[in-house]
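Heads up: the sequence lines are chains A and B, in that order.
Just remember that our numbering sits 276 ahead of the position in the first sequence, which is counted from 1.
Just remember that our numbering sits 26 ahead of the position in the second sequence, which is counted from 1.
Any given hint might turn out to be false.
Stated by the list, open to error - Covered, in the sense of this in silico footprint (three residues per stretch, anywhere, with C-beta under 8 Å from a C-beta of chain A), are these stretches of chain B:
(1) 63-77
(2) 143-152
(3) 216-230
Said to hold, decoys possible - Derived coverage of chain B by chain A (criterion: at least 3 residues anywhere in the stretch with Cβ under 8 Å from a Cβ of chain A; other residues may be distant):
(4) 46-55
(5) 248-256
(6) 336-346
(7) 391-400
Stated by the list, open to error - Here are the computed lysine-lysine pairs in the DSBU-like style, where the Cα-Cα straight-line distance is at most 35 Å:
(8) B/K113 with B/K158
(9) A/K472 with A/K415
(10) A/K755 with B/K37
(11) A/K585 with B/K76
(12) A/K805 with B/K158
(13) B/K191 with A/K585
(14) A/K649 with B/K186
(15) B/K198 with A/K795
(16) A/K805 with B/K37
(17) B/K225 with A/K729
(18) A/K669 with B/K158
(19) A/K649 with B/K37
(20) A/K649 with B/K131
(21) A/K649 with B/K113
(22) B/K186 with A/K755
(23) A/K649 with B/K225
(24) A/K649 with B/K196
(25) A/K729 with B/K76
(26) B/K183 with A/K795
(27) B/K214 with A/K755
(28) B/K198 with A/K649
(29) B/K76 with A/K649
(30) B/K122 with A/K795
(31) A/K583 with B/K300
(32) A/K669 with B/K76
(33) B/K158 with A/K795
(34) A/K791 with B/K198
(35) A/K602 with B/K76
(36) B/K191 with A/K583
(37) A/K649 with B/K241
(38) A/K649 with B/K214
(39) B/K76 with A/K755
(40) B/K113 with A/K791
Simulated from the structure, these hints should not be mistaken for laboratory data.
In this text, a Cβ means the ideal position worked out from N, Cα and C, and glycines have one as well.
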Amino acid sequence: MSEDKQPSLAQYFGNSETDILNTEDFPQNRTLIETVHKISNLSLSESSDNLKLDQQPQICTFFTETPVEPKDPTASFFDLIGSKSRYTSSNITSELGSPVQKNEEICVSSLSANPEVDRRRNAWIPNERARQVFIAIIKAQPSSYSVDHELLTMPGVLLEEELGDAVGYVVGVCLGEAEAAQRHSLAAEDVTQDEKGLRELVQAGAFRSAINLTAKLLSIYGQGKGRQGHPVKHSPHSLQIWFTRIALLVKTRTFDKAQAEAEQFGQLEKPDIFYQFYPEIYGGRSGSMASFSFRLLLAELPMHCGKPKESLTRLFSILATIKKIKRNLTQGVCEDGTQIKIDEPDCAESLKLWNGREARTMHSVINCAIILKDYELAMELLGQLSERDGAPKRALLSALGRLHLQIGNISGAEICFSEASQLGPMDMRDLVDRGLLAIAQNNFNDAYTEFQKASNLEPSNIMILNNMAVCLLYGGHLKEAIAVLETAISSNPLNALHESLVLNLCTLYDMESSKGITKKFSLLRQIAKYSADAPTAILEKLYGGERT
Amino acid sequence: MEPEEHLLALKVMRLTRPTLASPLPVTCDSKDLPGNLLNNALQQDPAVVKGSETISIGQFLLLPQNPVNIYLGETFSSYVCVFSETKQIVYNINVKVDLQTASQKICLAHDPPTAQLNNDETVNVVIHHEVKEIGAHILVCEVTYQNSAGVPMSFRKFFKIHVLKPLDVKTKFYNAENDDVYLEAQVKNITSGPICLEKVALDASHLFNVTCLNKTPSNESIFGNITLLHTQNISQYLYCLTPNEKLTSDFKSLSGATNIGKLDIVWRSNLGEKGRLQTCQLQRMSPEYVDIRLSIIELPNFVNLEELFTFKCKLMNNGERSIDFVLYLENTKEIAWCGISGRKLDTLQPHSHQILEFKCIPLVPGLKTLSGIKLVDTLLKRTYSYNELGQIYVVFSDQ
Chain A
277 MSEDKQPSLA
287 QYFGNSETDI
297 LNTEDFPQNR
307 TLIETVHKIS
317 NLSLSESSDN
327 LKLDQQPQIC
337 TFFTETPVEP
347 KDPTASFFDL
357 IGSKSRYTSS
367 NITSELGSPV
377 QKNEEICVSS
387 LSANPEVDRR
397 RNAWIPNERA
407 RQVFIAIIKA
417 QPSSYSVDHE
427 LLTMPGVLLE
437 EELGDAVGYV
447 VGVCLGEAEA
457 AQRHSLAAED
467 VTQDEKGLRE
477 LVQAGAFRSA
487 INLTAKLLSI
497 YGQGKGRQGH
507 PVKHSPHSLQ
517 IWFTRIALLV
527 KTRTFDKAQA
537 EAEQFGQLEK
547 PDIFYQFYPE
557 IYGGRSGSMA
567 SFSFRLLLAE
577 LPMHCGKPKE
587 SLTRLFSILA
597 TIKKIKRNLT
607 QGVCEDGTQI
617 KIDEPDCAES
627 LKLWNGREAR
637 TMHSVINCAI
647 ILKDYELAME
657 LLGQLSERDG
667 APKRALLSAL
677 GRLHLQIGNI
687 SGAEICFSEA
697 SQLGPMDMRD
707 LVDRGLLAIA
717 QNNFNDAYTE
727 FQKASNLEPS
737 NIMILNNMAV
747 CLLYGGHLKE
757 AIAVLETAIS
767 SNPLNALHES
777 LVLNLCTLYD
787 MESSKGITKK
797 FSLLRQIAKY
807 SADAPTAILE
817 KLYGGERT
Chain B
27 MEPEEHLLAL
37 KVMRLTRPTL
47 ASPLPVTCDS
57 KDLPGNLLNN
67 ALQQDPAVVK
77 GSETISIGQF
87 LLLPQNPVNI
97 YLGETFSSYV
107 CVFSETKQIV
117 YNINVKVDLQ
127 TASQKICLAH
137 DPPTAQLNND
147 ETVNVVIHHE
157 VKEIGAHILV
167 CEVTYQNSAG
177 VPMSFRKFFK
187 IHVLKPLDVK
197 TKFYNAENDD
207 VYLEAQVKNI
217 TSGPICLEKV
227 ALDASHLFNV
237 TCLNKTPSNE
247 SIFGNITLLH
257 TQNISQYLYC
267 LTPNEKLTSD
277 FKSLSGATNI
287 GKLDIVWRSN
297 LGEKGRLQTC
307 QLQRMSPEYV
317 DIRLSIIELP
327 NFVNLEELFT
337 FKCKLMNNGE
347 RSIDFVLYLE
357 NTKEIAWCGI
367 SGRKLDTLQP
377 HSHQILEFKC
387 IPLVPGLKTL
397 SGIKLVDTLL
407 KRTYSYNELG
417 QIYVVFSDQ
């Protein structure tokens, strides 16, 4: 990416134009990125021949045969893609494409490959207490310094039992053991017992199996079951496994368990989470061994467990540190304030990275504010975000408009939507927003027309089909609504067996006849066939129906 | 109900507004262990909005999953679905939906009968009704049909609905000396969630002209762009009502004008769910009705200490006889009158008024009350004292 490109979240999901622009600077990357595009288009497109491939019933074969997806420049949420200018194309492929045998190597090699990128990425300002410890360590004789246990992070896996195949269990209960036996879901044992295997499981969507594997990998680090409260040496890699584990617990909405294990890390402020704590291993290196994503995840977690105010405090504390880092950078010193001179281009890269992280953290604050029903705060932040240089103003205005709709302020929503649509030609998102506006005005027929227009632009878009079905129901066309959803599933089961769509369809089945349960079971059969995992909400809906 | 087996069955679903679903954003950096897998998973989620993936304000409509309260003034909408539970063909299906309230029975749907219903077919009725009563309502769905042998059959199903009060409206009135009436209205949200007040307006009775005092001089709402009211929160409105001219000239009818008007309130909640309420006719306490009335028509707000100032009053005779008055001015510690005390005024005819001009000098700085004016009706020897006629703020002169 060119240096003068303004930082924004848009670049993380950049459109293809910017991507092409990027590659022009580095011609050797062009073919790689083009193939990446082909691949990502392939996986997202709904062309019929592609579907045949997708409809293979066995999850294992479908997923394991897919190579680890090459880096998709549109998919990163915080990365400053600019930093990639320092890698050659072969670097990128080796980084993510080739299997890595020894986990530690990844960190060490990337460390040596570009210390600047790592410094930028891992920079964090330790709190005063941690700083005192670092000073004490430097002053003390090598390895003679002992630290109070209170200052240590001593995590252990708390989840007692392995997570089973939830879908398989429900299939067993509802459809019988014979059908359950036919299900081939990817288990932790089916992959190599390392980081690569873990990624395979995540890629396959077998999140529960992946969580099981993290427990095994953590026990190698002496942080497995029952190991909490024992001092351990942390490494970037062990913390990455923890991050993956807790991220997946959140993704599977196992919030209480995630929270219990996350609590052992506090807010990643203890000294042993920093490189400075281990001068004998990392030399003079400084910064956080825990990644920024981990920090953000831990800050977000309380809001999923009914404690949004705690999240808000933590998120604002992260924002405050980011602001400090940005201030340090603009004053020409290192991120954490140490008086080390950074080259101008490196400094610009760093600012870009931290601007991106700031925006992402603000998104989390917005999500938290919505849970808190503090809509004024959410609106204020959306406004601030859209004023930032290079912000995806149109997408933000559209989101702001929908927030107004959610709370019932129709005129406010209209203003936002019309402002958004003036920023470019009418696109799918605008049409859907107009449909939602029509619903707010209790005009489901007009809404249907808008969704239909949107559907003409993206015929395979599941969200639009779903919204059309909802309009049909409110218009008194239950059967047609069901047909739309069923067609969506049969034409693209992998995408359409989505939590909210399944919930909608189950609601319609319940209305349609007393045979809803039979239809739900056939839905369950499809989920068992295509999905490695399914949210509990869906399973309860499918399963709960059986008892009534 | 009779336990007999029916060939048809009926289900009802309340159609409240759908909600907007969005995925839970779990993301990471491409250098983190999961690489871009989590980000890709999020991006491929059908409920994600491109361009704002990590903001949980989606476009994906989710049907209501939990029962939602219904409030007075909202529209009760439901989907009534009648379906066949038999392989036989059923004839002349008639679906009638009524709503039984505490006071009346309202017919919500009575479509012409469906000639025949095959297995796997449904009769669909969508009903809408703006609820106008608080308390228990019963939705009565009656299905009549004939089985394949032509035997008429029928069954009824009942659904109980409890209509709650959405808003608590409190009003206060102030009768001003110049005959204006100020209305203060407090609107409290007693629903379980936040609402947006789309419209709060005073629909005044024909006796008064309304000025809404909830706008800045540049015509913007003092509440900002939206009037978002969280649960248990109160929004306060102020209106000024000026009696129309007919009324001001006749004090008796002005005093009798107690009907102020009605407050018209429109609110919206989730995804535009609308409710509207109109209060009953608001009544003010009628101002005291007196034959003789002295009221200020011109008075400066600020006056300089120890400098002469002038103010004007209107003396009205609402009675049926002409009156001769003697005007007395009594000095107080704060104000010295300038003029003749004990002066006889011109005769005041019934239903007429005259304008009196007073001059005085303030002696003490600060907020002071005009007092010390006395009128004596020479015929009845009746004295009218005015000790709280108006207020002035006495300041030190600039010089």
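A/K669 paired with B/K158 [C-alpha distance capped at 35 Å]:
violated (44 Å)
Does A/K795 lie within 35 Å of B/K158 when you go C-alpha to C-alpha?
Not satisfied, since the Cα-Cα distance of roughly 39 Å exceeds 35 Å.
Agreement of B/K225 and A/K729 with the hint, judged by alpha carbon distance not exceeding 35 Å
holds (33 Å)
Given the hint that A/K805 pairs with B/K158, does the C-alpha gap stay at or below 35 Å?
violated (50 Å)
Agreement of A/K649 and B/K196 with the hint, judged by alpha carbon distance not exceeding 35 Å
Roughly 26 Å separates the two Cα atoms, so the pair holds.
Whether chain A covers the segment 63-77 of chain B (at least 3 residues having a Cβ closer than 8 Å to its Cβ atoms):
Holds, because 13 residues of the segment 63-77 of chain B bring their Cβ atoms closer than 8 Å to Cβ atoms of chain A.
Does the structure keep A/K649 and B/K225 at a Cα separation of 35 Å or less?
At roughly 22 Å apart (the allowed maximum being 35 Å), B/K225 and A/K649 satisfy the hint.
Holds or violated: are the alpha carbons of A/K805 and B/K37 at most 35 Å from each other?
It holds: about 31 Å lies between the C-alpha atoms, which stays within 35 Å.
Does B/K37 lie within 35 Å of A/K649 when you go C-alpha to C-alpha?
The hint holds at about 34 Å.
Does B/K76 sit within 35 Å of A/K602, going by the straight-line distance between their CA atoms?
holds (28 Å)
Holds or violated: are the alpha carbons of A/K649 and B/K113 at most 35 Å from each other?
Roughly 51 Å separates the two Cα atoms, so the pair is violated.
Is A/K755 within 35 Å of B/K37, Cα to Cα?
Satisfied, since the Cα-Cα distance of roughly 14 Å is no more than 35 Å.
When held up to the earlier numbered hints, the structure conflicts with 6, 7, 8, 9, 12, 15, 18, 20, 21, 27, 33 and 34 and fits the remainder.
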